[in-house]
Amino acid sequence: MLQVDFRRDFPGLALEVAFQAPVGVTALFGPSGCGKTSTVNAVAGLLRPDAGRIALDGRVLYDATTDLPPQARRIGYVFQDARLFPHLTVAANLRYPARWRRGAARDFDRIVEMLALGPLLKRRPATLSGGERQRTAIGRALLSDPALLVMDEPLAALDDARKAEIMPWLERLRDEIRLPMLYVSHSVPEVLRLANTVVLMDRGRVSHAGPLAGILADPALAPRLGAREAGALIRARVEGVEPDGMIRVATAAGPMLLPGPLPQGPEMRLRILAHEVILSRHVPQGLSALNVLPVRVTRIDGGLVQLAASDERMLAQVTERSVKALELQPGLACHAIVKSVSVLPS
Amino acid sequence: MNPTDWLGPQEWQAVRLSLRVASVATLASLPLAVAVAWLLARRRFPGHGLLSGLVHLPLILPPVVTGYLLLVSFGTQGPIGSLLKPLGIVFAFRWTGAALACGIMSFPLVVRAIRLGFEAVDPKLEQAAATLGASRAWTFLTVTLPLILPAILAGATLGFAKAMGEFGATITFVSNIPGQTQTLPSAIYALLQTPTGDAAALRLVVVSVVIAMAAVLVSEGLARRMAARIAGAR
Numbered sequence: 001m002l003q004v005d006f007r008r009d010f011p012g013l014a015l016e017v018a019f020q021a022p023v024g025v026t027a028l029f030g031p032s033g034c035g036k037t038s039t040v041n042a043v044a045g046l047l048r049p050d051a052g053r054i055a056l057d058g059r060v061l062y063d064a065t066t067d068l069p070p071q072a073r074r075i076g077y078v079f080q081d082a083r084l085f086p087h088l089t090v091a092a093n094l095r096y097p098a099r100w101r102r103g104a105a106r107d108f109d110r111i112v113e114m115l116a117l118g119p120l121l122k123r124r125p126a127t128l129s130g131g132e133r134q135r136t137a138i139g140r141a142l143l144s145d146p147a148l149l150v151m152d153e154p155l156a157a158l159d160d161a162r163k164a165e166i167m168p169w170l171e172r173l174r175d176e177i178r179l180p181m182l183y184v185s186h187s188v189p190e191v192l193r194l195a196n197t198v199v200l201m202d203r204g205r206v207s208h209a210g211p212l213a214g215i216l217a218d219p220a221l222a223p224r225l226g227a228r229e230a231g232a233l234i235r236a237r238v239e240g241v242e243p244d245g246m247i248r249v250a251t252a253a254g255p256m257l258l259p260g261p262l263p264q265g266p267e268m269r270l271r272i273l274a275h276e277v278i279l280s281r282h283v284p285q286g287l288s289a290l291n292v293l294p295v296r297v298t299r300i301d302g303g304l305v306q307l308a309a310s311d312e313r314m315l316a317q318v319t320e321r322s323v324k325a326l327e328l329q330p331g332l333a334c335h336a337i338v339k340s341v342s343v344l345p346s
Numbered sequence: 001m002n003p004t005d006w007l008g009p010q011e012w013q014a015v016r017l018s019l020r021v022a023s024v025a026t027l028a029s030l031p032l033a034v035a036v037a038w039l040l041a042r043r044r045f046p047g048h049g050l051l052s053g054l055v056h057l058p059l060i061l062p063p064v065v066t067g068y069l070l071l072v073s074f075g076t077q078g079p080i081g082s083l084l085k086p087l088g089i090v091f092a093f094r095w096t097g098a099a100l101a102c103g104i105m106s107f108p109l110v111v112r113a114i115r116l117g118f119e120a121v122d123p124k125l126e127q128a129a130a131t132l133g134a135s136r137a138w139t140f141l142t143v144t145l146p147l148i149l150p151a152i153l154a155g156a157t158l159g160f161a162k163a164m165g166e167f168g169a170t171i172t173f174v175s176n177i178p179g180q181t182q183t184l185p186s187a188i189y190a191l192l193q194t195p196t197g198d199a200a201a202l203r204l205v206v207v208s209v210v211i212a213m214a215a216v217l218v219s220e221g222l223a224r225r226m227a228a229r230i231a232g233a234r
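Protein sequences, first through last, are from chains A and B. Here the first sequence is numbered in the numbering used here, starting from 1 and rising by one per residue. Here the second sequence is numbered in the numbering used here, starting from 1 and rising by one per residue.
For the record, the hints were derived by calculation from the structure and aren't laboratory data. Possibly wrong hints are sitting among the right ones.
[To be verified] Under the rule of at most 25 Å between Cα atoms (straight-line distance), these lysine-lysine pairs were calculated in the DSS-like manner: (1) B:K124 x A:K122; (2) A:K163 x A:K122; (3) A:K324 x A:K339; (4) B:K85 x A:K163.
Excised from the complex, chain A in its bound form (with noise of 0.2 Å):
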């Protein structure tokens, strides 16, 4: 557990940051100069604050009387721009660490194997693409045995192509090592592959703390993940193949059938995106959609209503000229369709 609190002033950005990340990858989202690289920066003792407190696991890293060095921290740290020794080949920026960190060093030959360093260990960093530069980066900083990894935009200067090919190893991070993580985003996707917490930043200040659930189903945050981004995130588990090559899961909000292909564990977790959820008053019939699920009005913002079924959330987009239409308040019970969900590893 990351616990977070401290001040500090910039010229122009005075940064007020409180948060507490809990296990697994918190992400910080927010537009660029709103003070997340500054943030990670103090928790990795690269800026300090002017005043605050910030602990790891209960070990403090910053209060009024104690100042670690980045170096006592034990906090690895993916920079935007890899930071990869030029003079020293892959292999040797790997070892670095090795020297005051030996438990580390002992899973080189893991860490080379998951990442697929293997065939850049004799080159020197300025002959790497982007990708392979940040997957270097990526093993050296795991090999120096944080206790946190840091990762500041590790994506932001790859093209897409190179995103998608680095994706799937921050994917085993968080499901493999279960390394805590701070990652710090302006990418909706990349958030939502990522984190299980989302910290919302703006102006210097966290304005929303909380699982990603539960910022993508409330309708006054969702939007700032963007207006297309909108929607919930519900889990789900396989229950099994329908004859025709549909896949059956149950979710907390009831039974729902999914185009294939199976997916790769029983547990997953299902986006439903805001606009592509109806809802009717009655239950209805003579639809092509297959998924209804009976739901409960908790919430309306504007355009997005927010629903709930048993007790996970989900929102859907509608027009004001609907809400009046179908009489939505707060308690109303109906019915979501459900047009389509995409599927996304648990």
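Could you slot chain B onto chain A? The hints should help.
For chain B alone, kept in the frame of chain A given last:
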């Protein structure tokens, strides 16, 4: 004809002495030059401007003034010289004094070259080393120093060439004693004062030019190779 016969024994002596003086001056001043360059490039402290001015002073002062100041302070009666004498360290009228004078005269050039090197190294790489757990001293040794090696080399070459040619401060401080303090420029100067010395002076001039050119070529070649290695082109 034996190739060594091309120069007379006294001329050879001057060449050898100059090489020794310039080498010692360069090697002895290099660590200090790296430290001062680092201070000037990376630290802000009260007296920063003063230190910078002091380092550059020999570049601006007439060399004869620097030589005189050395004589006054490092002479056997001088405040520093009289302290060092009981320890067996004497600079005045010795080749070591020539090395001291050359070292001081070339110091600003060496510091300047190395300081440019420090300023060219991205401090972000040093931050990265710190997040990986490296102490500041280790970061300096394993990241900063290798990256500024071309600059150190360039500074050393420049300092060496400057030391080879230093004349004013050397002759003022340690005089022009053949075999003891008569460096290449001093020997050329002495030969030009005698009516029959023109030919010998010309030979030494050729030697000077060759040594200076060789030093510059070697250092440029090494610097290029190092820069290529750092950039990863190899």
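The hints, checked one at a time:
| no. | hint | verdict |
| --- | --- | --- |
| 1 | B:K124 x A:K122 | 24 Å, holds |
| 2 | A:K163 x A:K122 | 24 Å, holds |
| 3 | A:K324 x A:K339 | 22 Å, holds |
| 4 | B:K85 x A:K163 | 70 Å, violated |
Hint violations for this structure: number 4 only, all remaining hints satisfied.
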